[in-house]
Amino acid sequence: MNKTCYINSASSISSQNTFRNNNFFEKIIIHKEKIANAIEPNYSKIINPISIRRMSKITKMGIATAKSALKKGNIMMPDAIITGTGMGCLKDSEKFLKSIIENNEKFLSPTEFIQSTHNTVGSQIALNLKCKNYNMTYVHGSISFELALIDSQLLISENQANNILVGGIDELGGKIVDDTLVLENDNENGINVPLSEGSHFFTISSRKNANSLAILKGIEIYHKISKNDISNKLNLFLKKNKFNKIDVIILGFNGDIWDKYYKILTDNLFKNTPQVQYKNISGEFSTSSSFGLWLGLELIKKQNIPKEVSLNNIKSNKINTILLVNQFKGTQFSFVLIESII
Amino acid sequence: MKELKEELKNKIIEELNLGHLSVQDISDSDPLFKEGLGLDSIDALELIVMLDKDYGIKLNDPIEAKKIFESIENLASYINKNRLR
Amino acid sequence: MRKNFVSITGMGIISSIGDNLEENFSALINKKVGLDQISHINTIHKNKIKVGEIKHTNNELIDLLCFNKNENYSRTELLGSIAAKEAIKHSGIKSIDKFKTGLISATSVGGMVRTEKFYLNSNSDDNSKNYVKNHHAGRSTERIADTLNITDYISTISTACSSAANAIMLGARMIKSKKLDRVIVGGTDSLAKFTINGFNTLMLLSEKECMPFDANRNGLNLGEGAAYLVLESEEIINKEKKKVLANISGYANANDAFHQTGSSDKGNGAFIAINKAIKSAKIKKEDIDYINMHGTATINNDLSEGAAIKRIFDPIPPFSSTKPYTGHTLAAAGAIEAVFSILALNNNTIFPNLNFKNKMPELNISPVTEITQKNLKNVLSNSFGFGGNCTALIFSKNE
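Which chain is which? The protein sequence lines are P, U and A, in order.
Using my numbering, count along the first sequence one by one with no gaps and you end on 342.
Using my numbering, count along the second sequence one by one with no gaps and you end on 85.
Using my numbering, count along the third sequence one by one with no gaps and you end on 399.
Bound-form chain P, shown alone (with noise of 0.2 Å):
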């Protein structure tokens, strides 16, 4: 019997300004370049300066953005720290691995190993916090944060657990970002929004306060599924989850052939319901639905769609129940659904 999951608090590192700003909607920038770097607070107030020199750069944005969710969640400890990173450490593996490379095995950085291994951000936050709780790293692709968002549901209904934080993770590289674009770029059904990165973390309870946001209805995610299939296995999805009506559906459009998943949604079963895509504005990376999360947390509380995320210029009543979809290349599907408490 699942117990309810609060979504209690959210905090954002990304390639718009979105770190601790409640008026990100009234400047949304509009990237031209192929490649958009996160925009980062002084991280000299949020960690101190013995154990930040060490920090790469998702490490920082992990901690700063994990901390803002807890205290926005009013939590001093949580219960579990799950994290969803697609590449991981990616500027400490490809610096390693340079260096093996061009000075053949020798003088090797001990910090870039250490720092490449996938769990580092989950670790160092744990380390930060002195949390000794259950810590658990997903690192498949595009599923990474919905496969953490599902270990923390389980660990509710379970009982092992009250207050979860969990994140989604991902840097640009150097060379690996390099060869993916000359990838994308190979054919014109490539990606077509900006790669790009950043942190999202949210606090999960089975507890509701003053700060809830919204709830976590459900979660579900797929291998594959054959274009004629995910109308059908969406309505599914929904029918299960007891709902019939979804005020607002987010997408993750990023310009590349597979976009034509969400153009059968679009032009079908959401017709006529207000359509949203966040990959424009926050680049793609392997854990960019985490942005679509947290964008859907900020229409809810904003009650509004911002111009350049809109995709119908349909309006919704009243901002309620949101649906996003995500996959990537035609697999790893993800069906997340959302329930405003505010």
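If you're looking for bench data, these hints aren't it; they were derived computationally from the structure.
Ideal Cβ positions, reconstructed from N, Cα and C, are used throughout, including at glycine.
Fair warning: there could be bad hints in the mix.
Okay, the calculated bits of chain A under chain P, using three or more residues with CB under 8 Å as the criterion [claimed, not checked]:
| id | segment |
| --- | --- |
| 1 | 40 to 53 |
| 2 | 108 to 118 |
| 3 | 159 to 172 |
On the provided structure of chain P, position chains U and A as indicated by the hints.
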């Protein structure tokens, strides 16, 4: 030796990302690890790499390394005796 | 009545001591060790270190699997496919999609073993250009899932050396919560220049065969391998009249939160995880008959882990590390050692902690050093990873 000590202080600040410190903040005799600068085992490993790369000294025993890295004074005098570069 | 445990109906393994279950078991009881000089990777450390390398080349693994040579499989994927296929066969599964089936795999190396070859010459051909697509850890799992025709639920966990144990734990939870009817769980990691050099810069590698819990231990030997368990629901077991190999009766994960790569002197993370696992199994400490330790033979791990078990158990149950056989197989270790724990259970045999001579001065504890027959009902298996990630699993005999 004075030059070497200054050189080492600069290297430590750079290699160990201690950008919030300057050469004047590091005394010759203060402990580098635990108290003083508060460096840890990963920093010790980075210094071992630096010793090899910049001075040609190979240290294979992390416990021996601990004594050598006790202070700038210790480190400078060890390098002076053993350097190949 | 809802059972407190989850049943295991199949296992598969490939390591430096054998290509399958039978070969691994035979090596364990004949003290046949898999550590040797490295042969497939060209590294400057070749003559210095000993590793638990699987002797087959990638092409030989491809032949064993009857795969297409042009598909550019990474070694991680090949090892994982071999072990997972054996597990499915061992479980007697004829039709994988008859029930809702998932694959939860762990890896730390992932596609890096292939990326490191193509990283600086990615323009030479299509295969090398595609290294980018195939680099991420989840891709390894997907390719293994494709060879097994698993489509329902595919997931990858990467928490360094506790990864596969965490995959097993998650699988058990998915079965208990009825999210899946059946799940293949475990992990795979191959040797790679990246990890060899990484552990070398951390000065954690030994030039000799490792000596877990010994006063003169001086580091670990890296290894490679893969192992998977098939977990099935009570319904399937009854319906298909499946033979149960053992049960997962307890599990827990905790964090040491002490240092990025070192564990606390008192083994706090391990202490919490082990106690929680015992509690979740609804058994008493005294009911643990044998501990398969993480026992990497680093100065730090063995002291920390030893301190933790000393704090918990009095008397300490018989314990051993099997890493002197296989080397430290990183993300796969939790699964490889799960298989060894179940082999121990079902054969009432404790495998020895090879190379041990002298107790650590700080702790008055000695592992089992000879093959020992003992009636085993509950086996504890520890896996601890960088970032303080500590996981304890308890396997119990099916009675």
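Apply the coverage criterion to the segment 159 to 172 of chain A and chain P: a residue qualifies when its Cβ sits closer than 8 Å to a Cβ of the chain, and three qualifying residues are needed.
-> holds (count 4)
Three residues minimum, CB to CB under 8 Å: does the segment 40 to 53 of chain A make the cut for coverage by chain P? Let me know.
-> holds (count 3)
Between the segment 108 to 118 of chain A and chain P, see if three or more residues pass the 8 Å beta-carbon test, and mark the coverage as holds or violated.
-> holds (count 5)
The structure fails none of the hints (numbered hints given earlier).
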